[in-house]
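Number of protein chains: 4
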Amino acid sequence: MAGSIFGKNISVSTWGESHGKALGVVIDGFPAGMELCEEDIQKFLDRRKPGTSAATTSRKEDDLVEILSGVFEGKTTGTPISLMVKNTSQRSADYSEIAQYYRPGHADFGFDSKYGFRDYRGGGRSSGRETIGRVASGALCSKLLSQMGIEVCAFTKAIGDVEIDSKNFDKKAIYSTPTVMPDAEADKRAMELIAKCREEMDSIGGVIECRITGVPAGIGDPVFDKLDARLSAAVMSVGAVKAVEIGDGTKVSAFRGSENNDEFVVNENGAVSKKTNHSGGILGGMSDGSEIIVRAYVKPTPSIASTQSTINKSGENISVNIKGRHDPVVVPRAVVVVESMCALTLLDLMISNMSSRADYLIDFYK
Amino acid sequence: MAGSIFGKNISVSTWGESHGKALGVVIDGFPAGMELCEEDIQKFLDRRKPGTSAATTSRKEDDLVEILSGVFEGKTTGTPISLMVKNTSQRSADYSEIAQYYRPGHADFGFDSKYGFRDYRGGGRSSGRETIGRVASGALCSKLLSQMGIEVCAFTKAIGDVEIDSKNFDKKAIYSTPTVMPDAEADKRAMELIAKCREEMDSIGGVIECRITGVPAGIGDPVFDKLDARLSAAVMSVGAVKAVEIGDGTKVSAFRGSENNDEFVVNENGAVSKKTNHSGGILGGMSDGSEIIVRAYVKPTPSIASTQSTINKSGENISVNIKGRHDPVVVPRAVVVVESMCALTLLDLMISNMSSRADYLIDFYK
Amino acid sequence: MAGSIFGKNISVSTWGESHGKALGVVIDGFPAGMELCEEDIQKFLDRRKPGTSAATTSRKEDDLVEILSGVFEGKTTGTPISLMVKNTSQRSADYSEIAQYYRPGHADFGFDSKYGFRDYRGGGRSSGRETIGRVASGALCSKLLSQMGIEVCAFTKAIGDVEIDSKNFDKKAIYSTPTVMPDAEADKRAMELIAKCREEMDSIGGVIECRITGVPAGIGDPVFDKLDARLSAAVMSVGAVKAVEIGDGTKVSAFRGSENNDEFVVNENGAVSKKTNHSGGILGGMSDGSEIIVRAYVKPTPSIASTQSTINKSGENISVNIKGRHDPVVVPRAVVVVESMCALTLLDLMISNMSSRADYLIDFYK
Amino acid sequence: MAGSIFGKNISVSTWGESHGKALGVVIDGFPAGMELCEEDIQKFLDRRKPGTSAATTSRKEDDLVEILSGVFEGKTTGTPISLMVKNTSQRSADYSEIAQYYRPGHADFGFDSKYGFRDYRGGGRSSGRETIGRVASGALCSKLLSQMGIEVCAFTKAIGDVEIDSKNFDKKAIYSTPTVMPDAEADKRAMELIAKCREEMDSIGGVIECRITGVPAGIGDPVFDKLDARLSAAVMSVGAVKAVEIGDGTKVSAFRGSENNDEFVVNENGAVSKKTNHSGGILGGMSDGSEIIVRAYVKPTPSIASTQSTINKSGENISVNIKGRHDPVVVPRAVVVVESMCALTLLDLMISNMSSRADYLIDFYK
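Chains as they are written, first to last, in the working numbering: chain Y, 3 to 368; chain G, 3 to 368; chain C, 3 to 368; chain F, 3 to 368.
Here chain Y stands alone, though its shape is the one from the complex (with noise of 0.2 Å):
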């Protein structure tokens, strides 16, 4: 069953491995005529980019993006836009030791178990190089989104225990950091945190945070497709997730509905807005006019230097060091995974309702 293929209106369908030839997408559907030119995607994918700094691994990836179909006089023509990064900088002779046995933490065991063998270089279709099909993808929803008065934007909650109040801040300083917090001072402590793990051979999770303005009420559908529903398998998809939140999240567990629910208010020029928002934009499935917040919890780094047990493909109990070049924190590098999915996500389901009453289609046709 094809399992590298998402959305239902615009389908993105990924392919490529670490220490392959190349990585790619193949984006059908997206609508025609929004103009489109590589730097628009190099933009996003360079925001994955490692070896920036010491947050990130040391490698260097250059990842330059090709647009080979679908554009044409600098506009999608509405067919399949097909884009590809070659790669150019892997050394698979890290790599020769690890096919021999299964690491903690990763996807290894689960491949040979079902597929009877792996790509084992640089942890194959696994690898965090997987994404550039869906960073490239999310440059053009996003694109879109934002000709519509929608703007998606991802940022580094938490590295660890060092937490960033989202509340206020300044959305250009999110890139102004290596951690990809828009907060300095918690930018320092995460990076001294970030040293620490390194200097101890470990790694640490964290927390990324999306935030969606601009998205009309009625988004999503009732029942299976909620806007919820599709927004967590999008972000849990995202290698390193381990729980996903809208709006309050777990925290509701523990509310009454008295303090949960917002209540909903008219001003004077007619604008439906909400008092609070617990939440997170979304009611029944549906978005209700506010802000969408969604929260990515994700695990730290599998690979670290420090000696771990576990067993090798004959059978037998061992220990292994995890050589490489690996992010002690996989966090900074995700938020624009994050963030091209949800745009990948909404874009795929604001198509839906342009069909959702009978007059809209009539109207359209006449």
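Hints are computed from structural coordinates only; laboratory data are not their basis. Note that the structure is predicted; figures quoted are calculated from it, not measured. You may find that some hints are simply not true.
Because identical chains share one entry, a pair is satisfied inside a single copy or across any pair of copies.
No more than 20 Å apart at the CA atoms, straight line, and that leaves these computed lysine to aspartate or glutamate pairs for EDC-like [what the hints assert, rightly or not]:
(1) K77 <-> D361
(2) K315 <-> E75
(3) K315 <-> E99
(4) K253 <-> D167
(5) K368 <-> E293
(6) K145 <-> D365
(7) K23 <-> E41
(8) K253 <-> E270
(9) K45 <-> D114
(10) K315 <-> E270
(11) K169 <-> E153
(12) K198 <-> E261
(13) K77 <-> D114
(14) K253 <-> E211
(15) K88 <-> E187
(16) K145 <-> E75
(17) K368 <-> E153
(18) K51 <-> E293
(19) K88 <-> E68
(20) K23 <-> E68
(21) K315 <-> E265
(22) K368 <-> E202
(23) K325 <-> E265
(24) K23 <-> E37
(25) K253 <-> E165
(26) K198 <-> D163
(27) K23 <-> E75
Please arrange chains G, C and F on chain Y, whose structure you already have, making use of the hints.
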């Protein structure tokens, strides 16, 4: 866009509103030859029935299921299974008033924004009764999974701040308490909390946990159709769920890699297991052979009797008191819904694995 | 794998067997706000009702449709529409014998090979009664298309060698003849042929044509989801259809390009048309603005009363005489089925076009 | 709506335009462990290469395929297989003129109507080069089917009025003639007809037949996903195909039931077969164990050098002479495309049957 269909190999199409003639589901793609009678389904539906204790609404719903197609001589035929529950106890008079305004915490405003109007009787399509089709489908999937040695088991983990230790408990005790908590002492405290909420015309949230044993390693896909991504969508699609986590979930964001990684170990008989199960049985989107652990955080019932502010359809700010017979907590009745969604999702992905290797096909058609 | 669901934007999930309790359909994704009552659907179902003339079986089937969900205050709600027809006139005794053998020309052998057993009563899932769900769905789609200025109109083009000229005819005459041929003289000859077949305990095939007017250019996708590809699947999925053609169809294989190409022409008012319509309204998978013409070639009813050889379940060669009340020709009753499948397919693809351009989205959400 | 993805279990996502940088396909869901090298695919692509005889255009297209992902150590990994063919021989200058008008028999007008503009170079997405991704996918599917004892074999049945008897012929002779007709004498006459068309600045249509042997009974679903319905969509989605038939196809409309029914028979070894094969191997949507026979009727190449009338983008009636290097008949090059689509469709549905019975699942997971 169709949004009430779930699953790829087994597709479940639910229908029905709270106060319509009936509710039901069509299950397409369910394998042939499994013994099935109405009683198999009824015992699942009875677990979501209200009116059985002070923890739930006093409304009486018989919810008797009828098999309309897809079963012949006591066995599934492989063709669509249509299941229906007729509505009998609906009192539409209770809801005439809410037609005019948007209840806080409900989907009313989203419905009108998306579709232009809504069936306001008892929540219409967004009623808890919508889950009848899910639970009926879950009954079938659980039965087949059970024949494959897989047990899907959900229970109430917490109501408000009353939480149980879910490491060790007697599965048979789950449905012995009105809160569906397998812990008589915690149940007693939770019932006191619920009584207090009811008295204060308020409601309370809670947590549902689902544990799945017997799943072989390798179920799920490495990228978008990750087992955890699909489980998240399934569980988040249940009304009132605001967060989903796998294994240690949100906690992993503060973990070090060295404490979060589960070490693999092989015993004398060659059986592979893990020393710990922080991963909740899923690594890189595929099952790792350990128990699968999913948790759903449920918001308090939005329908509360105390006074709230909101807006009406004419765009005026008003005060409302929501009448009708509402559960002060949805958790106990939602347990079987979460269990059903997990069963559906797992079975669907297990079918995909039957064609994950070329030699499986060659052997099958030999 | 689910195989009884049709359509992407509007998904139709049919269920039911010839001699089960009922048959029906769930229509998910149908736009909200269209007026709909049972009579709208009933008049379509009545067109496939048998027992009205010598051209059809003498079985009586009332086939009264019930709307179970998805309609509120006389309008579609945008949520799943569940439609059901109860079985009333089924005489299972007629079919006890055929349980033991595989009827020539029927799916019996395929069913047992695939599922291990089958519901043998009246053809079970492969009965012509399976089309009830299709026709009920088609009634909805045709109604909405009609409000968009599109008319889908099918009729009997031929029965055996009695063929009508379908260039010019009175659409209102279609249902005035028992053969559903809009040509009284041809109908008379066809009825004589049918009478002869019946007398000789034999059956006869025929041709159904569907013409669709008012479709704007550009509907359909350029590659796999071509309008003609989707129409082919739709029409070929109707039992007994063995060939599908668009426009001049099979004849084009002997044509020269110079005679097959339709030249575009613009009139004084700027309206684009074509001088000829060999293409049947579809070029490169997209509508070209001309009338769409689809033709289905239908095989003779396989259930015939004369003696045939076949095999039984014990693997023995036997002789059989199939009893029961069978149509000597399926064409007249299948006309509305083909029409319904074309309506469904077209409406589904017309919805896709609403998001074919970026500016459509931007305008819609302004 | 995505329209360039084909298949449910194995999903094929094609991309690329005639004059873009490259064309290709992503194949998701293909089973792991099959040996695969570029030569396996190249030999299929070479069968659609032009420039090899007077029957085809003199354009030179090398069409060398590269495997970019999904193959490791010479075997498919179970993850997406990305295949690419770079464009090398495209001369855009040839096409500058046609940007301004709508060619008769082409999709140009549909493209502009749907998307607002089009990539007019060489037909853009509607070029015959679009089939590269289909054929590359077909090569993989045919290889796996062959290992399961199934042979998919297409050939030219007719060019214009030159038709061969396809009952008995030497399969190895198919690619020995420029017309891909396994009949040297007919080939000679067809080549003369083609030469005549070319001389008269005209083109000609033809018929492709595909025969599939070794398919067990029961493949396909009884309702919408009938094997014949899916094959029709697959074959009709190939550009220029205007009719599809199964077995005796259009002829059955004039048949009596007694002559059309194929009688089942069992031989001494218990093997089931049919005395005749009017059904073309499919009954009630499922394979019946006999040879599957599919026929595609192909229109003449619409690009012809003789003068035609049409309209331009400014809405004026004009006369045009289409330049460029065009095949006088598309049939010989389309044979492998039809074969590929049939292979894809069949393999996809064969996977579905692996879960058609509950005991298959139970046995698989034992």
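Index of numbered hints that the structure contradicts, given in increasing order: Violated: hints 8, 9, 15, 18 and 22.
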